[in-house]
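Required output: the full structure, derived from the provided sequences and hints.
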Amino acid sequence: MKTVRLELPEELLQATRMTLEELRLELAIHLFEQGRLSLGKAAELANVPVWQFQQTLAGRGIPMHYDVREYEEDLETLRKLGRL
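Quick note, the sequence shown lines up with residues 700 to 783 if you use our numbering.
Check the hints yourself; a few may be wrong.
The list that follows gives simulated cross-link-like pairs (lysine to aspartate or glutamate, EDC-like), each with its CA atoms no further than 16 Å apart [claimed, not checked]:
1) Lys740 with Asp773
2) Lys779 with Glu725
3) Lys740 with Glu771
Each pair of labels, with its calculated beta carbon distance range [unchecked claim]:
4) Met700 with Arg768: 14 to 22 Å
5) Glu710 with Val767: 41 to 49 Å
6) Trp750 with Gln713: 25 to 33 Å
7) Gly760 with Arg723: 17 to 25 Å
These aren't lab readings, by the way, just hints derived from the structure by calculation. Note that the Cβ used here is the ideal one computed from N, Cα and C, for glycine as well.
Right under this line is the structure:
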C-alpha cells in the first residue's frame, strides 16, 4: 500500500484549535457526508473503528448512505486487514 503525506503548517493546525486526530476525524466526516468516501474508508482516515465512526455520525445526526459498492469496499478492506 502506498502512503501519501500531507504537510500542514503548524500554525494552521493551531488556528483550528484541534488536535491532528480531531482534524482527521472532521475531514473523514466531511468526505463521508459528501459521498467521497465509504464508511469503511472514512473510518480508516479517521483512524477509528467503523463502529466508533458510526456512533460519531449518529451523534451528529448524519445519516448513513451505504450501498452495494461501499459494502464491497468494506469487505475488501476487511480482507486486507485479515479480518475475513
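Exercise. Would you mind confirming whether the straight-line C-alpha gap from Lys740 to Asp773 stays at or under 16 Å?
Key: Answer holds: Lys740 to Asp773 is near 8 Å, not above 16 Å.
Quiz item: Regarding Trp750 and Gln713, is the given constraint of 25 to 33 Å on their beta-carbon distance met?
Solution: holds, 31 Å
Quiz item: Would the pair Lys779 and Glu725 pass a check requiring their Cα atoms to be no farther apart than 16 Å?
Solution: Distance of about 25 Å is beyond 16 Å: violated.
Quiz item: Do Met700 and Arg768 keep their Cβ atoms within the hinted range of 14 to 22 Å?
Solution: holds, 20 Å
Quiz item: Regarding the pair Lys740 and Glu771, is the alpha-carbon distance no greater than 16 Å?
Solution: holds, 12 Å
Exercise. Please test the hint of 17 to 25 Å on the beta carbon pair from Gly760 and Arg723.
Key: The hint (17 to 25 Å, Cβ to Cβ) holds, given that Gly760 and Arg723 are roughly 21 Å apart.
Exercise. Using the Cβ atoms, figure out if Glu710 sits within 41 to 49 Å of Val767.
Key: At roughly 43 Å between Cβ atoms, Val767 and Glu710 fall inside 41 to 49 Å, so the hint holds.
In summary, the structure is inconsistent with hint 2 from the numbered list given earlier, while agreeing with all the others.
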